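A.B. asks: Next come the chains, spelled out residue by residue.
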Amino acid sequence: MIDSEFDRRDFLKVLGWGGAAVALSGCGNTSIEDGKETVVSYVQAKDYVIPGVAVYFNSTCAQCDAGCSITGKIREGRVLKLEGNPESPINRGKLCGLGQASVQHHYNPDRVREPLLRKGDKGETISWEKAYGLINEKLAGVKGDEIAFLTGEMSGHQKVLLGNYMDSLGSGNHFVYEAVAPAVVRAANLKAYGVEMPRYRIDKAKVMLSFGADFLGTWVSPVHFAQQYAAFRKGVDGQRGVLIQAESKMTLTGANADRWLAVRPGTEGILALGIINALGIATGDVAELVKDYDKARVSRDTGVEPSHIDKIAAILRLRSPSLVLAGSAAEGYVHGMQNAEAINLLNHVLGNVGKTIEAPVSVPFPQLAPSKGSTASLKKLNDDLASGKYKVLFSIATNPVFTAPASYKFGDNMAKAGFKVAFAHYLDETALQADLVLPLDSEMEDWGTHVPEYLADAAQINIQQPLMERLHANTRGMGDILLALVKQRKPEEYKAFDDYYGFLRFAMLQNKNALGGAEKDDDNFWNDTLSNGIVKLSPASGALSAKADVGGIKLPAPKEADKQYPLRLIASVTSNLRDGRHTNQPWIQESPDPLTTIVWDSWVEIHPKKAAELGVVEGDIVKVTSRTGSISAQVYLFPGIHPEAVSIPIGRGHEAMGRYAKGYGVNPFSIMDAVFERETGELAMHETNVNIAKTGQRVIVVKDEGPVGGKQMGRRVAVSRSTDQVDLSKEV
Amino acid sequence: MSVTNLLDNWAAVRHFHPIDDKPHDPYKWAMAIDLDACIGCNACAVACYAENNLPVVGREKFQHGQVMHWMRIERYWNEDDREFPDQGAEFMPMMCQQCEAAPCETVCPVGATNHTQDGLNSQIYNRCIGSRYCSANCPYKVRYFNWYDYPTTDNVWPAEMNYQLNPDVTVRGKGVMEKCTFCVQRLRAAEVTAKGEGRIVREGEVQTACQQSCPTNAISFGNLVDPESRVHKQWKAQQVDLAKDEQEKDKQEGGSDLRGYRIFEDLRAYPSVMYLERVRESAV
Amino acid sequence: MKDIREDIAWAKINQDVMKSLENPRPLYWVILFFAVLTFGIGIGCEVYQYQMGMGVANLDNPHVWGLYIATFIFWIGMSHSGTLLSAILHLMHADWRKPIYRFAEAMTTFSLMTAGLFVMVHLGRLWQFYYAVPYPNERWVWPNFQSPLLWDAMAIFTYLSSSVLFLFVGMIPDLAIARDNMHSGWRKKLYTLLALGWEGTDRQWRNFRVTYLTIACFLIPLAVSVHSIVASDFGMSQQPGWHVTSFPPYFVAGALYSGCAAIITLFIILRYVFKFEDYMTLPILKKIVRLTFAIAMVWTYLNCVEFASVWYSHDAVSKDLLIQKMTGPYAPFWWAMIFCGSIVPLVFAIKRFQTNIPVLFATSLLLNLGMWLERWMIVSPTFSHGYYPWTWDHDQWPSMIQWGIVFGSFGWFTLLFMVFCKMFPSVSMYEVKEMVYHRTLHLKNNGTAVEQTVEQGVH
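Chains as they are written, first to last, in my numbering: chain A, 1 to 732; chain B, 1 to 284; chain C, 1 to 459.
Some hints here could point you the wrong way.
[To be verified] Footprint (simulated), chain A over chain B, 3 or more residues, beta carbon under 8 Å:
| hint | segment |
| --- | --- |
| 1 | 30-40 |
| 2 | 118-129 |
| 3 | 174-184 |
| 4 | 192-206 |
| 5 | 242-252 |
[To be verified] Listed below are the simulated BS3-like cross-link pairs for lysine-lysine, each with C-alpha atoms no more than 27 Å apart in a straight line:
| hint | chain 1 | residue 1 | chain 2 | residue 2 |
| --- | --- | --- | --- | --- |
| 6 | A | K204 | B | K244 |
| 7 | C | K319 | A | K711 |
| 8 | A | K623 | A | K520 |
| 9 | C | K319 | B | K244 |
Please keep in mind that the hints were generated in silico from the structure rather than gathered at the bench. Here the structure is a predicted model, which is why all the values come from computation and not from measurement. C-beta: ideal position from N, C-alpha, C; glycine also.
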C-alpha cells in the first residue's frame, strides 16, 4: 500500500526514475489547477497557432535605428527566430547579429514585470491604475515648462502621440538623446550637400575613401551598407571596388580595407586636404585652401607615408566615381565639424556629388519622420536639471546614467527633479534612479510604426506588430501608455480609441489613399499592411545643393602630446555592443568582438610598440587615468591602433541591468572628459587624454583567439592574394 | 543481427566516399564561402546560436575553452613584421567542413557520427557515448563537446529564455559531441516537401541560418550535383573538384588565377566547403 | 650469490608463504590505509564529475583528452611486464622468474582493471558505455569496427580475461596448499572452492602443465597486440605527433619498460612487507634490474628513431609539434620525461647500485614517473598544437578533479594488489619448490641430495 504522495515519489526515485517522479508529482495540484497557469487548447487554437507548424509575421527590428524589417518565426505562440524580411530595400532579407539577438531582449529573464514605486531604497509593486493616478497627481499644478521628456530616436505614430501628450501638458522640452549618433556629420553634410543624410551609393563607387566611418559595423545602417559593399567588391564593369580606410583605431570596416591608414588622432581633415592637394585638380577657393597641405607636411602631421598619399590620389584620379565618407572617428574632436567638412570637400572635388552621393528619399508625412538623436541634447537637459528647472522628468527607454560622461554627474542632477518616471524594460542604471518605473512591452509584443532616418531605395513606413502574446501580464506598450496619459488630459478627443492599436489603425486608415491603399477596402488594406510589414511610398522629392563651400574650414595643427596624460583615449563603438543597451543579451556578450575576439569583458587596446615601451603585456590589468577619473581593465595588444592612442570599447561596465550585464567590464564614459565639438556642441568622444599605469595584476584574457594571436603559423588556412594575381572575370 | 547484415550495412555506410564509383544522387550539400565578401561581422555566428539551440556558456567556461560556437569567425593578421595591419585583417568563418572522407567518422567507437546519403557528416546525439575521439581526430577542431549539462546550468536557459529554443533541434545534454549540421533540420524539411511533390529541392529553396543572415552573401549553400545551383557553378568556375586531394589548376606552373581552395586538402578528408581567397588591391 | 637458497626446506616454503596470508608487517596496514584514502578521494572526484559533466576535469575544445587517456595507457603499459615474467620467461625456462611471477601476474590483472576504469571515467556518457559492446539488439546496430577505440576495448577485455585465467590457473596448486594449511573459517572455504579439488595427482599435473603452457602461448601475442592496439588509437589517427608508424613497437617497449620499473617497486615493497627476503632475493632483483636497463635502452633508441623520422620527414606540422614539445609550455614535462626515461636508468648500469635497495626503489619510482610523463606527452601536446593554429590551446592544466581521479586510480590499484597479496599466496610455492628442486638436481646427480620427487605431491 502506498499511503502518501511522498512515499510514492520516494519509491520511484529509488527505482531511478528521477525524471518520472518529477512528472508524476503532478498527481497533486499542478500550477494549472492552482490557477497560476492556463491551459491553451489546441482543439480551438487561435488562427495563428498551428501545432507543430511555424507561422511567420513581419515586423521591424528595434535593436538599432537602421529600421531593418524582420520576419519572425512563431511556433505554438512563441517567437523563435528572426530573419530579415526580403521585401525591405533596407536589409533585403538579411539581419545582423544584434538583430538576431533581439529575441533575447524579449525573453530576457531580467525584464521589469510590474510597475514599481520607489519606497526608500526599494521598489514597491503597484497597479497601473495607481501609477497613472500618481502621474496625474504629480503633474497637477506643474507648469509645462517644468516637465521634461527624454527619449531615444523616435519616429512614427508613437512620436505623434508623444507630441500630442506634450502639447496637452504645454511642455516643449523633448530631449532626443543617442549616445552614439552621427550628429556632427549630419551638420557637416547639411553644409556640404544641403541635406543631413544623403543616400550613399557604395555599390556605384569604384573607390571608397572612408575616414573612420564604420559603415560595415556600426554606422547609420550597417546591414544595408554591407549589402552595397558586397556589390562594390564584385565591382562595376568587372573592376573590384577598392576600399581605403583612414582612422586611428581599426574598426570592422577598417579591417576589410585594401589599405588601412593609421592616422594620428584628430588629423583626418588634414589628410583629406592633403589628398586634395595631391590630386592637383582643385581650383579656386579649394586650391587656395589646400595649397599649404603638401605631402611632406601632411605626412608629418598625420603619420601617413607620402607614398600612400600619392597612391591614393592616383587611384582616385584614375577610377571614378568614388565615394568619400566622414565617420565617427573624424567627428569626435573639438574640430570635428571642420574635419568632416574637409572630408566632404573631397567629394565635391572628385565630382562624386550626384553620382555616389544622392538626394535622400523621405516619407511624405513629416510628422512621422524621426526626431534625430544627439549628445548635445543630453548636455542641455543635464544643465537644466542641474539648475533645478524640472519638477517632473519622463525618461523613455534611455539610459543616460550609463552613457553620460561621469563629469556630468547626471545621476545627481536627475535627483533634483521632483518626480522621475522611467519607462523601461530593465532596471538599468537610469531606472534605478527613478521614482516610478513603468515596465514596457518588448518590441515583439507591441504595436508601432517606424520611419528610419536612412531610407534606402524607397520611402517606407515600417510596421511593428506583436509577434506573440504578452510574456508578462503587467507590461504595457509605450503607445498604450502614452494614450492612457493623453486621455487624462484630453479624454474627449481620444475616447474613441480603446488602445494604441486602435489609434494606429485609425491613423493609418485615415491616410489610406496616401499610403497606397486607395483601391482596397479598410480591412484589406490593414491586413496587407500587417502582412507586408512595410508600407512603401512614392518618396517626397529631395535635392542636393552641390556647392563646395570652403568657408569655415580651418584645421588646427595636431595636438602636442600632453605630458601628464600622453595617450588619446578612443572610446570605441563595436558592432556587438553599440552604446551598451544590448549588453544583457547573452548572445551579444558571448559573440566575440570581431577584431580582438574578446568576450564578456572590456579591454584596453594598445599598440604592441607602445606596450613594449610601457612594459605591459597581454592580460596586464592597467589603470587608465584621465583628468576625470580612472578605470582598470585588461590590456590587449592590438596592432590596428595608432601608438599614440589607446582604445576601450563602450557598452560594458554596467552596474545594473540584470545578470548578463552587471559586473562585466568597465565603462569608459566614467573617465570621459566633458569636451565638446565647437560648432555643434556634441560631446567630443575622442578628446580625452589618459595615462596608463600597471597595477601588477595579470589575468588570462577571455577570447576566442588562440595563444599565437591570430597567426597562421605557415598553415594554409585563410588565404589572401592581390588583384594582379587573380582573374575575377571568370567567377560566377 | 547477423554477420551478413553487418557486412552489408558496412558496405552501405562506408560507400559514399568521393572517389568511390557511386555518385551523390540526388543531393550533395556543399558550401562556398567568399572571404573577399566576408566582413567578419558575426551575424552568421549569432544566427547559428538562434537556430541550433547553442548554449551560452558564460565567461568562466569560455575562458576554459568550453565555448560551443558551431560557427566561429577567426581573425588572422598578416604575419610579416609590419607596424600596422595595413591591409586589414583576414576573417575566416569556420565550421564543420562536412568532409566526404571524414576523419571523425572512422574513429567513433559506436558509429555515432556517419555520412549521410546527401553528403552530410551527421552526428547522432542519442548514440554518442562521449569518447571524444572524433574531436581528437578532426583537423579543423570544429567539434564541440557538452562539458556540462547546459540545459540545467544556471543562466543558460533560465525561465522565459527557454521559450526561444527551436523545437526542430534537439537540446543536447551533457556528455555528447555536437557540431555544425548544415542546418540539417531545414534540409530535411525541404527534401521531404520536394519529395512529396515529386521533384528535388530547387536552388534557393533552402538556406542555412548562417547563409540567410549574411549581409554580404558571402556564404552560398546548395546542392553540388545540381547544375543550376550557385554552389555548383562556383565550384565549377573555380575548378575545385570534390573528389581530388590536389586540384589540377594548382599543379599548373605558376599556379592558377582562380581563388577557390579548400583547407588542408592534402589530408584527403575531401571537405565540402570551398573558400574563395580574400583579395587585396595591388594598386594602393 | 645464488637466486635462492638451495637448502631451503619445502615445509618452510609453505610455512613462510602461508604466514604472508596471516601477519604481514605493520607497514601493510599503513599502505592499505593510504590506498583506501586515495581511492576514496578518486571515487569522490568521479561522482562529482559524473554529476556535473566532464567540464570539471578542465578539459576543453579542442583539448578533449587529458590525463585520463594518458594514465590509461600508463596502466595498460604496466600490465605488460607481468605477462613478460609469467609467460615469456616461462617459455624461455628462465628459472629465476618463479618466486616473483605470481605478484607480477597479479599486477598485470589489476593494472588492466585500473586501465579499464579509465575507459569508463573518460566517457562523457558513462551510463551508455555498453553501446561500445557488440551485443545483440533488435535495431541491428553494431559498434563501429573501424574504430581503434573499439579494438582497444576488445583487446583489453580479452587480455584481462586471459590474464585472470592465467593467474588463476597458475595458482591452483598453491590454493590447494592454502586450503590444506588454513585453519577452518571462511578463507578455508574460499580456498577449497577455488582449488577445484586439486589433489596433485599425476593426471592433474600433466593437464595442468599443458593448460598453463597453452594459456602462456596465447597470452604472449595478446600482450604484444594489446599495446600495439593502444598505439593504434594514436597511430591510426591523422594528427601530428600521433600519426607515427613506429608507434606500436614504441608503445610495447614503453609498456615493458614501465612494467619492469613497477615490478622493481613492488618487489621491494612485498619483500619487506611480507618478509619474503628468502624468496625475493637480491640476485633475482639484479636480474630484473638488468632486464629493465636493456628495455630502457630499447625505449631510448625507439624514441630517437621517432624524433629522427619526424625531423627528416618533411612533415612540417609534425616537426613543428616536436619543436613545440621541446620548447613550448610542455617543455618542462617533456624534458623530465627524457631525463627520467633515458638518463635515470643509467644508474642501473652501475654494478653496486644493482642490489642497493634504497637506490633501486627511488630509481624505479622515477622511471615510473618518466613513463607516465611519456604518455602525457604523447596525448596532450597534439591537442594543444595540432593542425589548426586558431584553436591552439593555452589553458590546458588539468583540474584537481582530474588529478584526484588519477591519484585515486593508484589507490585503487594498490588496494586490489595489497588485498590480493594478503588473500592469496603471492609467491608461487610449488614453483619455488620446483626451482629448489632443479637447483638441487645436480647435487642429487652427484649423489649427495636426498631423494625426493615432485610426483609425490607437494604437500
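A.B. asks: Are there hints from earlier that the structure breaks, and if so, what are their numbers?
C.D. replies: 2, 3, 4, 5, 6, 8
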